[in-house]
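Engineer: Listed below are the residues making up each chain.
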Amino acid sequence: MIRLGLRLAVSGGREAVVRLVILAASVGIGVGLLLTVVAAVNAVGVQNDRYAWLDTAAPAAPAGPVTATSRDPLWALISTDLFNGQTIYRADVAATGPASPVPPGIPRDPGPGQYYISPALSALLRSTPADELADRYPGHQAGLIGQAGLPSPDSLVIVVGRSVAQMSHLPGAAKVTSLNTTSPSGCGNGCEIRGGLGPSGVDLVLSVVALALLLPVLIFIGTATRLSAARREQRFAAMRLVGAAPGQVSLIAAVESAVAAVAGAAIGFGLFFVLRISLAAIPFTGQAFFPAELSLSLPDILVVAAGVPVAAVVAARLALRRVTISPLGVTRRTTPAPPRAWRVLPLLAGLADLGIFVVHGKPASPALQILAFVPGFALIMTGLVIAGPWLTMAGARVLARRASRPGALIAARRLADDPRAAFRAVSGLVLALFIFTVAAALLATQNTKPPFVADGPAANNVLVDQFSNVTEVGGPAAPGPAAPRSGVHAFGSGGNQVAVGSAPAPSATVLTRLRQISGIQGIVEFRADPGLTLTSPAAGISGFPAAVVSCAQLASAPGLGRCPAGAAAARVPASLTDIGQTDLAEVTWPAAGITARRLDSLPLASLEVTTNGSQPVIEQARTVLENAYPTGTGSPPPQTLGEDTTHGNTARNAYQQLADVVILTSLTIAGCTLAVSVAGGLADRKRPFSLLRLTGARLGMLRRVIALESAVPLLAVAAVAIGTGFGASAMYATLEMHLSLVAPGAAYFVLTSAGIVLALGLILATFPLLRRITGPETARSE
Amino acid sequence: MSVPLTLLGLLEREPSHGYDLKRDYDTWFGRGKPLPYGQVYATLSRLARDGKAIAGPAEHGEGPDRKRYAITEAGIADVERWLSEPAPPEPHLQTVLFAKVVLALMLDRPADHYLDAQRAAHLHRMRELTALKERGDLMDTLLADHGLYHLEADLRWIDHTAARLDLLAQAVHQ
Amino acid sequence: MAARSTTIIEARGVVMSFGQTPALRGASLAVRQGEIVAVMGPSGSGKSTLLHCLAGILTPDEGEVWFAGQRLDTMSEAKRSEVRRDKFGFVFQSGQLVPELTAEENVALPLLLGGTRRAAALAEARAWFGRLGLDGLGRRRSGELSGGQAQRVALARGMVNGPQVLFADEPTGALDSMSGEMVMSLMTRAAREQGSTVILVTHDARVAAYADREVIVRDGTVGSLTGAAPPSGAAR
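First to last, the protein sequences are chains A, B and C. Sequential numbering from 1 applies to the first sequence in my numbering. Sequential numbering from 1 applies to the second sequence in my numbering. Sequential numbering from 1 applies to the third sequence in my numbering.
Certain hints may be false.
[To be verified] From the structure, some residues in chain A lie toward chain C, with a derived Cβ separation under 10 Å:
hint, residue
1, Met1
2, Arg3
3, Leu8
4, Glu15
5, Ala238
6, Met239
7, Gly247
8, Leu328
9, Gln516
In short, the hints are calculated from the structure, not lab data. We put the CB at the ideal spot given by N, CA and C, even for glycine.
Produce the entire structure from the sequences given, and follow the hints as far as they go.
Structural biologist: Right under this line is the structure:
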């Protein structure tokens, strides 16, 4: 029996081989995609884990007796730096003894005057002038950081060795007894997220994305399975007639499907391993993966390698149940029962699932959220596929009522006769439309969040070294220095906000070095004066903590605003990055009544350096500033307002990228599904249409029939898919993003219409073939 | 074409004069060739002599003797036997079959049964011819085929007629 | 004729409806071993349905079907498949060969399904090729055969396992008269040689003439055309 099945599958003539190839290819793509998704999830986890040590936070003040440290603690100060838009992670460390913790990836803690550096950063150092980058790091390279300490091959990480004395004077440095090993996604107390993906529902998004990719693939496989289904049914009916038992037929069909599935799985595994290296370079999370991380665990491999053939066998069994019952399954061509209205229930159930949570609120933990939402989306998507035939039937009835020409009538009757087959052809496309709608709507909604767009002349020219943080009084501490910088006190209070932190005024050496950089246009010092507040409608702030600035200095930075005429000093915001407006060129700050002497004695709230905007100049200035004011834990590095907002947008950009990948993939798969089903539809139509032609129907009318047969299911279900897409997105937006849905831009509508038109066009493109394949020789009885 | 039996059958409908019988015969079965009077009267005389029909008293009138004939029990039996027994299957049976069907309908006899019986006879003959083809030589086969095709044609006519019996009955009884 | 042979296959009072349409209303037919019976009747009369019930392909709504002393209609589908495979042969009008297999594989199919080794099954198939004048066509697929050749292949398949009953449903329906006669001649000769019973559904009188007797299916019941002995025709 098995041998017979193999024989039928493999050497059954050209048509059988073509079908096998298409089926294997579709399974291969599906398996490859599945493996990629699984591996990506693995890789994201591994990559995230490697951020752990960079998220080491200073230990909180111990409440009880200090635990005796058996290990020598490590002085550590971990900060982020910027170069040319890229983040550099910097760890300044000093070991207090031989047993001090060592960051992963390096053999031992670097001593003073040494540093360990990641390969990418090392290359960057070599290719950049020293005063732009290398001068920030004292000492010489002692070695490279190994893979264990790097999240990504492109990571820029440096571990700088210091002496214990130096470390104890660095603001924000602390002694730690161990480096953090908790991945950022599980970060609670005791770690600060500097890099990696936090526990912000990323898993939920990945689950939904996996679903959105898998379902079109399943439909693709299903469509390929149905190729020449009638022919195979007929063949099995003939075998049943001469005495094949139902079990034998099932076995043979299973073997055939298994052959295709095994071949497809092999193709899928092959594709995955061949493309793994290229895939790893795609920055799904913003950073590339090490190729080895894009890996599969043994259980993963076994489940896919075994599960795919099993699924194929089950699918084949279901497709053939008609003929396993009776050998006359095909010859007695009774019209199958029309699809019933219950088919819309799964779709409604999925929408209800989301709706319930909108009304009652979502579950607290991310894990429960996944359990709550993913089934809802899964139900909606499968519900669309299940409801499709019924919607097609409804559309066919409408068409029949309004049909006046024979072509329309024939199309309506053919649709009503077998709505399942008609819908199958466009099911992949419909699902892709749903996915596209959801992705576009959610993106548009997300993009309405105040996208901190930095505009105005100051945005990209002025380098801001911010020393103070504005926080709520008594509220939870903003992510800022756990220990206040030295010499700091709260100053400037406005309502419930207070600015905390300051730095000493720059020394003459620092000022000289700054001025030596060609391209520097001015240096502005915002001084911290306690108790000052600022209200400036033009800047959009009221009662905001204020600093003071000398008007002479302000004049050199026109992009930061102006002084009132005749004033010597003005009040300015204590923190430029927290006021929500970046175009300050037209703002006139209120005057400050403060003497120049007192002004000069105040510490700095922030230091602004105006440049000509060229990147090398900015980097040189940044280097000088960092060496003068080492970046404390939690403080941002010196950066322009533009760089600050870019950083804030990374999450959004990551999602944008993800959405693009999902849309592109599902549309591609939908296109493949459509192509396969169009080809299959051609073969199915050969005989009835050539008979119609023989009885006098004109080609033009037949083309109309095909067009209507394809358009009606597509439009009927597309409308529902798009509507459902908007509905589901609205609910998701309310639940997860706490926003109300925003309609996507014109591009969405244009692309959707173009997609539908293209799909119809693909079907129309087969028309020239119609003449040839419905020629009289096709009508000859077999 | 069995004229005596046909006339006898027409006679069974109702007693008639020879003149009426000829007219009916020409209408239904003449097919362009009217039956000569002489043949009619000769046949009727013979039938009367054989006891199948009885001649009534001569009625005087214009022209030759206008006797009214009626059918006897023996005549009815003859007609019954003729109708119910299938004709020996040969080619060119159309006229006989046709006559039998029409008469059967006129006489409200079960024409469908008669047709069935004829079918059976035809099929039996066709079986014999087929067996002949199987064991005979080429000449036998040619002759057998000829017979088979004609018998088949008859059978087709029988099928068609059987399907139209109701309509025919209406037409006949007008 | 010799002593009466036994009834090998029989339908008793079979009733079968498809949805609202009744196809058979109490059809009964007894066929003796070795007979060739033609089942005739107008189209739509239920002849094919009767054949399907007799062959165990359909289960009647009411009534009984007996084969070789056993109830066929109450057997499980698997058992019935076995009976079809080992004891029955089928020659239908069209669409009965598996297009992906070669002609000789098609003929060997019942044997292969029954577990016969491939070599032995093919040898048996080739023997039948010879008997039916199909030499050299063994490796062809069904699409490459003419109508008459395909029907002879179907006949070979029907006979390859030495069936007790051969079921033929309009076996020459799609053939021209020459091919049709050849197929009927071969079929009846092979059946008589093997002692197989043949149940032949046809509306064609010349095909029915190959049988020993005929029955008519009308209004869902089975009857014969006449009870009396037929007259002997003039010998030619």
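Engineer: Holds or violated: is the Cβ of glycine 247 (chain A) closer than 10 Å to a Cβ in chain C?
Structural biologist: holds, 7 Å
Engineer: Can we keep the methionine 1 (chain A) interface hint, with Cβ of chain C closer than 10 Å?
Structural biologist: holds, 8 Å
Engineer: Can you verify the interface hint for glutamine 516 (chain A): is its Cβ closer than 10 Å to any Cβ in chain C?
Structural biologist: violated, 85 Å
Engineer: Restraint: arginine 3 (chain A) near chain C, CB-CB cut 10 Å. Satisfied or not?
Structural biologist: Hint on arginine 3 (chain A): holds, closest Cβ of chain C at ~7 Å, below 10 Å.
Engineer: Can the hint on methionine 239 (chain A) be confirmed by a CB-to-CB distance to chain C that is less than 10 Å?
Structural biologist: holds, 6 Å
Engineer: Using the nearest Cβ pair, does leucine 8 (chain A) come within less than 10 Å of chain C?
Structural biologist: At 5 Å from the nearest chain C Cβ, leucine 8 (chain A) passes the 10 Å test, so the hint holds.
Engineer: Restraint: leucine 328 (chain A) near chain C, CB-CB cut 10 Å. Satisfied or not?
Structural biologist: holds, 6 Å
Engineer: Quick check on the hint: alanine 238 (chain A) CB to chain C CB, less than 10 Å?
Structural biologist: holds, 5 Å
Engineer: Does glutamate 15 (chain A) meet its interface restraint, that is, does its C-beta lie within less than 10 Å of any C-beta in chain C?
Structural biologist: holds, 8 Å
Hint 9 from the list above is the single one not met by this structure.
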